[in-house]
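Here the protein sequences come in this chain order: V and U.
Quick note: the first sequence, position 53, residue 53 per our numbering, numbers continuous.
Quick note: the second sequence, position 20, residue 20 per our numbering, numbers continuous.
One thing to keep in mind: the hints can contain errors.
Under the rule of at most 25 Å between Cα atoms (straight-line distance), these lysine-lysine pairs were calculated in the DSS-like manner [said to hold, decoys possible]:
no.	chain 1	residue 1	chain 2	residue 2
1	V	K55	U	K101
2	U	K68	V	K41
3	U	K101	V	K41
4	V	K41	U	K61
Here are the simulated distance ranges between beta carbons [what the hints assert, rightly or not]:
no.	chain 1	residue 1	chain 2	residue 2	range
5	U	S18	V	V3	28 to 34 Å
6	V	S9	U	T55	36 to 42 Å
7	U	F111	V	G61	29 to 35 Å
8	U	S84	V	S9	33 to 39 Å
9	V	E59	U	G41	20 to 26 Å
10	V	E22	U	A29	42 to 48 Å
11	V	E22	U	S18	39 to 45 Å
12	V	K66	U	K68	26 to 32 Å
13	V	E59	U	A96	14 to 20 Å
14	U	P79	V	T17	48 to 54 Å
15	U	G28	V	T17	27 to 33 Å
16	V	T82	U	G62	41 to 47 Å
17	U	F51	V	G61	46 to 52 Å
Since the hints were derived computationally from the structure, they do not count as laboratory data.
Beta carbons are placed, not taken as given, at the ideal position from N, Cα and C, and that holds for glycine.
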Amino acid sequence: GAVVSQHPSWVICKSGTSVKIECRSLDFQATTMFWYRQFPKQSLMLMATSNEGSKATYEQGVEKDKFLINHASLTLSTLTVTSAHPEDSSFYICSATSGGRETQYFGPGTRLLVL
Amino acid sequence: AQSVTQPDIHITVSEGASLELRCNYSYGATPYLFWYVQSPGQGLQLLLKYFSGDTLVQGIKGFEAEFKRSQSSFNLRKPSVHWSDAAEYFCAVAGAEGGFKTIFGAGTRLFVKA
């Protein structure tokens, strides 16, 4: 149980385009989802927290207009990287919690490469 | 402020040897503590967690961790390492004080030599 999927697993795009990443909880209802980015050989940095049906809460330094997060249902959250640039290339990981918010279940990650 | 320190950037152990990965945390209230493992290009897998109760926690894949409040530590141990344990290990802390945001340590990369 508690499986989280991400799609796509990797994406290559041209600079200036927008990319959407989906995060789905497959066998539970995720009241809260988190989005992280991870640079090579570094730890995970929390970008934002999203609760179903409400606006996401962004961490300091994360541009909410650049990283659009939508949590429209209890099983789906999306992260859209708008007008992507090479510096946005990273590994993006989502996680989800159900009920008790202490334990997060992580997706497999999406590797984004912006050319 | 909440923080997690993993003093060792990387560790190399021989297959079959014992392992201990260090983790120290700074947290005002009683923390929830986690250890995750990440294989290259993969997401994170939860090894074990501590919320309350017995301070020695058993996890998957033969791992265990001990919560020591006096030392603000939550070290991960395994009595006999297998080559498949080579990966990146992250210690993390969360709790009500931080709005349940999970704070991750920088990670320790484990290398296993034959």
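Query raised in the report: That 33 to 39 Å hint for U:S84 and V:S9 (C-beta), does it hold up?
Result: Given about 22 Å between the Cβ atoms, the range is violated.
Query raised in the report: Do the Cβ positions of V:S9 and U:T55 conform to the proposed distance bound of 36 to 42 Å?
Result: 38 Å, holds
Requested in this report: Assess, step by step, whether the Cα of U:K68 is no farther than 25 Å from the Cα of V:K41, and give holds or violated.
Outcome: 28 Å, violated
Query - Agreement of V:K55 and U:K101 with the hint, judged by alpha carbon distance not exceeding 25 Å - result: 17 Å, holds
Query raised in the report: Holds or violated: are the alpha carbons of V:K41 and U:K61 at most 25 Å from each other?
Result: 24 Å, holds
**Report entry** Outcome of range test on Cβ distance (U:S18, V:V3; 28 to 34 Å)
**Finding:** 32 Å, holds
Query raised in the report: Is it true that V:K66 and U:K68 lie within 26 to 32 Å of each other by Cβ?
Result: 42 Å, violated
Query raised in the report: Do U:F51 and V:G61 keep their Cβ atoms within the hinted range of 46 to 52 Å?
Result: 30 Å, violated
Query raised in the report: So does V:E59 sit 20 to 26 Å from U:G41, Cβ to Cβ?
Result: 24 Å, holds
Query - Consistency of beta-carbon spacing, V:G61 to U:F111, with hint 29 to 35 Å - result: For U:F111 and V:G61 the Cβ distance comes to about 33 Å; the hint holds.
Query raised in the report: If you draw a straight line from the CA of U:K101 to the CA of V:K41, is it 25 Å or shorter?
Result: 22 Å, holds
Query - Distance restraint evaluation - V:E22, U:A29, Cβ atoms, bounds 42 to 48 Å - result: For U:A29 against V:E22, whose Cβ atoms are near 35 Å apart, the range 42 to 48 Å is violated.
Hint violations for this structure: numbers 2, 8, 10, 12, 15, 17, all remaining hints satisfied.
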